[in-house]
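Asker: Protein chains in written order, with the numbering used here: chain A, 1 to 250; chain B, 1 to 233.
You can trust all of the hints, since none of them are fake.
Quick list of in silico lysine to any residue cross-link-like pairs, SDA-like style, CA-CA up to 25 Å: (1) Lys62/A to Lys72/B; (2) Lys32/A to Glu99/B; (3) Lys157/B to Asn152/A.
It should be emphasised that the hints constitute simulated quantities derived from the structure, not laboratory data.
Here the structure is a predicted model, which means the values were calculated and not measured.
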Amino acid sequence: MSSYKTAHIYFLQTIMSRGIISHTECARICEKFCELTGDDGNSTLQDFIGTINTQLLSFHFKVRESKREDTGETVFVLVSMVENVLNRLVINGNYSRVEMDFFRKILDLIVLSSDTDNPGCASSIDILNIADSLTPKLSKSDAKKLLSRLVNDQWFYDNNGMIVMSPRSILELEHYLSVAHEGCVKSCKLCNLLVFYGQSCEHCNACIHNFCAAQGFKNTTEPKCFSCGHAWPNKYKPISGALISGKEHR
Amino acid sequence: MSSQAQTSQNRASDKLSGVELERKANEVVHFVLIWEQKKIPIKRADINKHVLKDHKSSFSDVIKVVAKKLEKVFGIKLVEIGEGAKKAYMLVNTLDHSETSDVMKWKDNSKRGLLFTILTLIFMSGNSIMDGALWHSLKRLGIEKDHSHSVFGDVKKLITQEFSRQMYLDISKVPNCDPPQYEYRWGQRAFHDIPKRKILEFVTKLYDKSDIMVWKSQYQDMIADEMNEQQSG
Numbered sequence: 001m002s003s004y005k006t007a008h009i010y011f012l013q014t015i016m017s018r019g020i021i022s023h024t025e026c027a028r029i030c031e032k033f034c035e036l037t038g039d040d041g042n043s044t045l046q047d048f049i050g051t052i053n054t055q056l057l058s059f060h061f062k063v064r065e066s067k068r069e070d071t072g073e074t075v076f077v078l079v080s081m082v083e084n085v086l087n088r089l090v091i092n093g094n095y096s097r098v099e100m101d102f103f104r105k106i107l108d109l110i111v112l113s114s115d116t117d118n119p120g121c122a123s124s125i126d127i128l129n130i131a132d133s134l135t136p137k138l139s140k141s142d143a144k145k146l147l148s149r150l151v152n153d154q155w156f157y158d159n160n161g162m163i164v165m166s167p168r169s170i171l172e173l174e175h176y177l178s179v180a181h182e183g184c185v186k187s188c189k190l191c192n193l194l195v196f197y198g199q200s201c202e203h204c205n206a207c208i209h210n211f212c213a214a215q216g217f218k219n220t221t222e223p224k225c226f227s228c229g230h231a232w233p234n235k236y237k238p239i240s241g242a243l244i245s246g247k248e249h250r
Numbered sequence: 001m002s003s004q005a006q007t008s009q010n011r012a013s014d015k016l017s018g019v020e021l022e023r024k025a026n027e028v029v030h031f032v033l034i035w036e037q038k039k040i041p042i043k044r045a046d047i048n049k050h051v052l053k054d055h056k057s058s059f060s061d062v063i064k065v066v067a068k069k070l071e072k073v074f075g076i077k078l079v080e081i082g083e084g085a086k087k088a089y090m091l092v093n094t095l096d097h098s099e100t101s102d103v104m105k106w107k108d109n110s111k112r113g114l115l116f117t118i119l120t121l122i123f124m125s126g127n128s129i130m131d132g133a134l135w136h137s138l139k140r141l142g143i144e145k146d147h148s149h150s151v152f153g154d155v156k157k158l159i160t161q162e163f164s165r166q167m168y169l170d171i172s173k174v175p176n177c178d179p180p181q182y183e184y185r186w187g188q189r190a191f192h193d194i195p196k197r198k199i200l201e202f203v204t205k206l207y208d209k210s211d212i213m214v215w216k217s218q219y220q221d222m223i224a225d226e227m228n229e230q231q232s233g
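Chain B with its partners taken away, still in its complex shape:
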């Protein structure tokens, strides 16, 4: 074996650099985009297991390159969530899609409508709502917890499992309650995906009000959020 081959072999289990780093980063981009169809956050461990394999030590270098490429080519921001071993990533669109829905034909448009409704209910109830109140409101729209819905099928599963796994909803059990009660809040993906301003504009239209400022506390909440985002972004 030539000395050159030896050094490159030594390097294989070591840190990636240059062309190799680039190549691995490209593979990770491919992988996260395929994974994203599930809309479930991708764990650091998944990336290591399926793509990086022997190069786990280069994770932080690779992921930086991945984030840059996703943003530049696909208009997608890689957002880190969770801490330590539970560290995971989700993808957030950076383009304004308020005028594109006719051509985008997002998959599951109807599901998105339901999600938007639930997020609106939560936001307007002061950022959290109890499950009883939520289902009571949904019932008036013909959506019932224990009945299969013509469009959504098993609505309970959709809301409590799919939306929560996708991190659109954050559902937590209220301690010391019998029968058990659950509190619904916005999940991390919702904060990134859905501007509160959009919700207020929607509600304002719905109630035929003149201005989004009529919802005082929600309006202030929204402004605070937007300030935060400006500072961090």
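So that you can see chain A by itself, here it is in the shape it has in the complex:
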């Protein structure tokens, strides 16, 4: 393990400021900071982040690797390893109490959509309609602003009006989600991580990520459920342009 240098501190400050960064950008940032500080840039990104994590361990923070549920892109997230994170968000003052309620209701909506045809996402229209049920009420325009702020801070991604959770919310709120929605929260049958936005077996309801499906069904023309062996529904879509309709792909 290489020693902890200024380039690592720069990187740490960047991810503290941004919360979540894609793999490709991490590599670019890492290179930039090594160049800027003249520190050794020969180690791999994994090593570089490993060095930071060794330092962070005792402070209950960690840079974790995960994948976007909608695009399968690898991302890195700075997470606090102390539980009860929803309270933490209130403390950190970025969101007021009513804004936190809204946040929580969006999570509810997305988690409870796991039994529908479109699991793990919610339309922005449905989300804005929650605003009325909050006390005190949130106006539609404020709710709209708040939703774009949440998307901007990358708690959610907006794929043409379909809102999905980002790894930032999944990793940070893992504990909250599994307690608040016991029984509704599933783990992917292939990678074992939590799954919200994905595809499920018609027979046993087992759920897997789209990117896991793409990987797992790569070499077969007749996909079967990894849990019960039932034929996998035809709605299986390979992960490509058709599935990811995010803004950046337009």
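Based on the hints, put chain B in the right spot on chain A.
Answerer: Leaving out everything else, chain B in the frame of chain A:
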């Protein structure tokens, strides 16, 4: 109860040391970093209430360790402000970020732009400006006291409450004035966060001058500041 357990229990309400001190210090580091998102100084009482609890007596020992760890791992300096019961702490970045803004994507970049503008106005007016003059200048940038702004929303609240609570601005009421008037100065965080040299370089560029030395009094002010910092740092 064994005698060993007894002594450790006695110690619990007493001063922390060794591993325990280290562990509490780590918790405080976590806590102040989360708190910092608000950019509001953290009070000694907050740290005691949320983290140290029964170990208040170890505060000064703990905070020394915290300061060291913040600097070494996070590149952040813990700065003490205020006196006595009002003692508080704020975090100041120790790294040079003049070439990193493209990757850092600081939250609230636009707010920072407005703040920088206000600090510039104050500095160029001789380190203080009256609220009337400030709003008059801002109006020319399309920022009005009583109108909601498309980017900043309630600008008045942003400037008079948020910036001042974050200690970027120091706003004081001028005595014996009717209607009331306010004087704006740099707050403590501004002195630590924003180098006066940066402001002068910005103004020099803005007015297309050749050198920052053309602003004589401001230049001397800046030099004096930099000397001070060198001595204390």
